[in-house]
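S.K.: The residues making up each chain are set out below.
There are 2 protein chains.
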Amino acid sequence: MEELKQRILREGQVLPGGILKVDGFVNHQVDPALMMACGHAFAAAFAKVGATKIFTLEISGIAPALTTAIALNLPLVYARKTKPVTMPDLVLMTSAPSHTKNRMVDIMTSPEYLGRGERVLIIDDFLASGQTTRALIRLVQGAGSTVVGIGALIEKTFEGGRESLEDVGAPIVALAQITSLEGGIHLA
Amino acid sequence: MEELKQRILREGQVLPGGILKVDGFVNHQVDPALMMACGHAFAAAFAKVGATKIFTLEISGIAPALTTAIALNLPLVYARKTKPVTMPDLVLMTSAPSHTKNRMVDIMTSPEYLGRGERVLIIDDFLASGQTTRALIRLVQGAGSTVVGIGALIEKTFEGGRESLEDVGAPIVALAQITSLEGGIHLA
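Residue numbers (the working numbering), protein chains in the order written: chain V, 439 to 626; chain A, 439 to 626.
Just chain V, same shape as in the assembly (with noise of 0.2 Å):
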């Protein structure tokens, strides 16, 4: 999608660790124009893929998940990785890696809101090893339903995600993908 490789070309910046700061639009600071147009784009590229939830992670997955979700006319679900006291005493949990973080973190979802039977399209920002992504399949098939579709605002293809997530048998889309990061920000 031209409109966010040219903001990340323009605003991305790399930072030690291979890490791909997007801040600025999509992390801490939302674009809601650009954001909008990537849940239009992700709503065409999976518009056949019968869809009836859409999944996500909290924080930074939320936006470009809503924004999808509005776009589709969808429910929204992101998995928590604080248990809330509004959750019942019985959940669905898994771990996964956080990058920004640098720590295993809980990630956990209500029975109450996923549930067997779905259609799940999981939407991210980032796909880089594909684990939290993994780790949302996880909850998606143990509450009983289908993954339909993987989409994330930006893939690093040289980490892999995409070729461990082959299995699941869901397309995957991404609308940025970044091939290096090494001496700058090189797009595909």
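Incorrect hints may have been included.
[To be verified] Only pairs whose alpha carbons sit at most 25 Å apart, straight line, appear in this in silico DMTMM-like list of lysine to aspartate or glutamate:
#, chain 1, residue 1, chain 2, residue 2
1, V, Lys519, A, Glu601
2, V, Lys519, A, Glu449
3, V, Lys521, A, Glu496
4, V, Lys521, A, Glu449
5, A, Lys521, A, Glu550
6, A, Lys459, V, Asp544
7, V, Lys459, A, Glu550
8, A, Lys459, A, Glu620
9, V, Lys486, V, Glu441
10, A, Lys459, V, Asp527
11, V, Lys486, V, Glu449
12, V, Lys459, A, Glu449
13, A, Lys521, V, Glu597
14, V, Lys443, A, Glu620
15, A, Lys519, A, Glu449
16, V, Lys459, A, Asp544
17, V, Lys443, V, Glu597
18, A, Lys459, V, Glu496
19, A, Lys443, A, Glu550
20, A, Lys519, V, Glu496
21, V, Lys519, A, Glu496
22, V, Lys521, A, Glu597
23, A, Lys459, V, Glu449
24, V, Lys443, V, Glu620
25, A, Lys519, A, Glu496
26, A, Lys519, V, Asp544
27, V, Lys521, A, Asp544
28, V, Lys519, V, Glu449
29, A, Lys519, V, Glu449
30, A, Lys486, A, Glu440
31, A, Lys521, V, Glu449
32, A, Lys486, A, Asp605
33, V, Lys459, A, Asp527
34, A, Lys521, V, Asp544
35, A, Lys521, A, Asp544
36, A, Lys443, V, Glu550
37, A, Lys521, V, Glu496
In short, the hints are calculated from the structure, not lab data.
Go by the hints and put chain A onto chain V.
M.R.: Relative to chain V, chain A alone:
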């Protein structure tokens, strides 16, 4: 806002400790059409305050703040509760009570995205005691900017937040007002 009120009456649950659970359409699961309608309602209510930026607190403030940002086409900044490695070394930080976690949490924002001279519209899911909003106001004012409006999806009028924020001099708009949670949900 009638649509939100009806949804609260139909699906809201009162939990011990005066907590109103709206996880089915606001917090854990989001109804995108309802949330977009709330964003348009805030945009209409604050059309004349001359806001230049929308500000909220992760996590549950993001959805209503983003739809408001979409409706007003203004950038959204969300204050963070943990410091990701992408944040600069020097940030603005304060603390706020978390009602759903029963402890104080640090909240912070990068000076990169909340600087001087902005006219800031604060949008959050709940207005209860006003302490979270007060913490966001400290960040805005600490950055050298001005709060021009405060919006909440749901106000618990019996917790005194609105009165406690009167000195800010900004209009306060709630889309639904809960006057009591004793023996059920009572709306204004």
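S.K.: Failing hints, ascending?
M.R.: Structure breaks hints 1, 11, 12, 14, 15, 19, 23, 28.
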